[in-house]
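Visitor: So the protein lines, in turn, are chains A and B.
Here the first sequence is numbered in our numbering, starting from 1418 and rising by one per residue.
Here the second sequence is numbered in our numbering, starting from 694 and rising by one per residue.
In short, the hints are calculated from the structure, not lab data.
A quick note: this is a predicted structure, and the numbers were derived from the prediction, not measured.
Any given hint could turn out to be false.
Said to hold, decoys possible - Within a straight-line C-alpha distance of at most 20 Å, the following computed EDC-like cross-link-like pairs (lysine to aspartate or glutamate) qualify:
(1) B:K870 with A:E1605
(2) A:K1422 with A:E1556
(3) A:K1540 with A:D1649
(4) B:K870 with A:D1604
(5) B:K907 with B:D876
(6) B:K737 with B:D776
As the list claims (entries may be wrong) - Computed list of chain A residues with no C-beta within reach of chain B, every gap over 10 Å:
(7) Q1538
(8) L1539
(9) A1549
(10) Q1586
(11) A1600
(12) L1645
(13) F1679
To be verified - Some but not every residue of chain A turned toward chain B, in silico, with C-beta under 7 Å:
(14) F1590
(15) R1593
(16) M1594
Don't be surprised by glycine CBs; every beta carbon is placed ideally from N, CA and C.
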Amino acid sequence: MDVTKFVQVCLNGLTLGSLYALIALGYTLVYGVLRFINFAHSDVVTIGAWMAFVFAAAIGWAGTDSPLFAMPVILAMSMAVCATLGFTIERLAYRPLRRAPRLNVLITAIGVSLFLQNSGQLKWVFGTQPQAMPKLLSEEALFTLAGVRVPVVDVVVVVLAFTLLVALQWLVFRTRMGQAMRAVSFDERTAALMGINVDMIISYTFMIGSALAAAGGMIYGLKYGNLLQSADSVWVLLGLKAFVAAVVGGIGNVRGAVAGAFLIAFVEMFGAAYRSPQMRDVYVFGILIAVLILKPGGLLGKATVEKV
Amino acid sequence: MSAAAPPAGASAAAAGASAAAAGASAAAPALDADRLSIAFGGLKAVTELSLRVPARGLHGLIGPNGAGKTTVFNLLTGVYRPDSGSIRLGGVRVDGLRPNQIARAGLARTFQNIRLFAELSVLDNVRVAAAVRARSGLLRTFLRTPLYVAEEAAILERARELLAILGIAHREDEQAKSLPYGDQRRLEIARALATEPRVLLLDEPVAGMNTQEKKAMRGLIQSLRERFDVAILLIEHDMGLVMDICEHITVLDHGVTIARGEPAAVQHDPAVIEAYLGVPDDGAAAPPGDAG
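Okay, chain A solo, but in the shape it has when bound (with noise of 0.2 Å):
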């Protein structure tokens, strides 16, 4: 058995799967609190790479002669302007229908993804042309490992994903926020009366899934380069198989999406480095189908009985 290759692809499953986690934790986040599926989160995504691309632009880092900062402030001001973004479009979109049935809401959420596509490729927005993304992070080795070269990128990518993982860990499980948002998810109309501003919760979830998402989008254009418009499938794709992680992970469950994510790229990448790499697709949604066959609720989520 080739080693080499076994570690390589190991790493890119391991890249992969904290892109995927990062963007998975937003649908679960939010189906958590307020059990739809925000459809419009991809497109936070697709927008978190590109605004990483704007401020680098505009501030004129264009690569690895950059300052070492350079990337941790882009991030954070995509960041921040993604958690802007999320707050916004539940304030407009989706908190006018708290009480309107799940499916207008969801059609709402396909309209926001719509609008969000495609006012991205406006020429005074992103406009229609592929970008490079800087190269803010060296793709030399930081190390060799079994023969496979380890470049910055990959490592500062890894590092930052587990680093907001488990900030979002923390958060939800040990402060009072976290409990409050569990409390949220699990009965709304009681935490209400026990003195919680649902609204607020239900907003600061928005934004820190949109915040993640933002990273995920900057990991995604460091990691690849290549930023298409913003109504491209590429990215359309990308969104759907963090929503595929979230689900098979169990919708709703923290951990579950992050597991998810790792399942998912690990199957992805091996499936494409030992059996057939056009076939990527087939295996993520592969295991889509076998886990609501088998495990409806998904890996981590328990069955729940549909009220009526």
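Take the given structure of chain A and dock chain B to it, following the hints.
Guide: Using the frame of chain A, we list chain B on its own:
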């Protein structure tokens, strides 16, 4: 307590709040609901209901099934908005405010069908309610400002104290859903008290309990008033309990107040007896005075 004045939200209530907050005194009743009415479509669920519970008072709200008792709780807590009438907590108007604002202003409740946060730990159920007046923004949470940390410690201390008083401290790490039924009822009371209410609404606190458990719960309810300086409004089908511990009883039938007064007087009111006996398929509702 004027610090707990609700934030401005509803027009009438906000105006009333600012005027009344300064004057909110011990003299004002803890809960003062004046001629509340609400209709759903053509159905008048509650008509001209007035309730006045003094500080540390213990009042009962009874009536046959479907009389509108739970609707009254939903009106008081802000789940429904009254079509007319007003609600004051310690003299401060709260009708028209949202449920979380009313909770913050000093009204808490328990539920007939237990509605704990089943997946949260026992301790977290109480902590989440104890944080009602703490400020928990994103920035504070991540920066862990000294104020945030101090609030955190105070919340934990109060939560543990409440669990100890209600005798479930040893279960603080368990998930709420794993508690036995009686302890879940106790946890609901602990969670409600954690919001530091001025008025506590108890919705059938002894439903499904055996004689021994009922006796313990009766003692507990009576002790709460002094210990937490709280007024209590009780919905209960167990007439023995209601007649025994309430100072004042309001009887509803089809949303209309058919009697009110001291237990002894209400018990012998012909309208009350008729209301209870006039519902033949209502097994739970024995005539007042026969039970217990």
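Visitor: All hints are to be evaluated individually against the structure, with a verdict given for each.
Guide: So, going through the hints one by one against the coordinates:
1. Distance hint between K870 (chain B) and E1605 (chain A) is fulfilled; the C-alpha atoms sit about 17 Å from each other, no more than 20 Å.
2. Restraint check: the Cα-Cα separation between K1422 (chain A) and E1556 (chain A) comes to about 19 Å, which is no more than 20 Å; the hinted pair holds.
3. About 16 Å separates the Cα atoms of K1540 (chain A) and D1649 (chain A), which keeps this hinted pair within 20 Å; it holds.
4. Taken as a hint, the K870 (chain B) and D1604 (chain A) pair is honoured in the structure, with Cα atoms around 14 Å apart against an allowance of 20 Å.
5. Straight-line distance between C-alpha atoms of K907 (chain B) and D876 (chain B) comes to about 12 Å, which keeps the hinted pair within the 20 Å bound.
6. Distance restraint check for K737 (chain B) and D776 (chain B): the Cα-Cα separation of roughly 10 Å lies within the 20 Å cut-off, and the hinted pair is therefore satisfied.
7. Residue-level check passed: Q1538 (chain A) sits 32 Å from the nearest beta carbon of chain B, beyond 10 Å.
8. In this structure L1539 (chain A) is separated from chain B by more than 10 Å, as the shortest Cβ-Cβ distance comes to about 31 Å.
9. At roughly 34 Å from the closest C-beta of chain B, the C-beta of A1549 (chain A) stays outside 10 Å, upholding its exclusion from the interface.
10. Every CB of chain B is more than 10 Å from the CB of Q1586 (chain A) (nearest about 14 Å), matching its label as outside the interface.
11. At roughly 5 Å, the least C-beta separation between A1600 (chain A) and chain B is not larger than 10 Å, which violates its mark as non-interface.
12. No beta-carbon of chain B comes within 10 Å of the beta-carbon of L1645 (chain A); the shortest separation is about 32 Å.
13. With 10 Å as the threshold on Cβ separation, the claim that F1679 (chain A) sits away from chain B holds: the shortest Cβ distance comes to roughly 24 Å.
14. For F1590 (chain A), the interface hint is violated, since its Cβ never comes within 7 Å of a Cβ in chain B; the closest pair sits about 10 Å apart.
15. Look at R1593 (chain A): its Cβ gets to within about 5 Å of chain B, closer than 7 Å, so that hint holds up.
16. The restraint placing M1594 (chain A) at the interface with chain B holds, with a minimum CB-CB distance near 5 Å, inside the 7 Å limit.
Hints 11 and 14, counting from the list given before, are not met by this structure.
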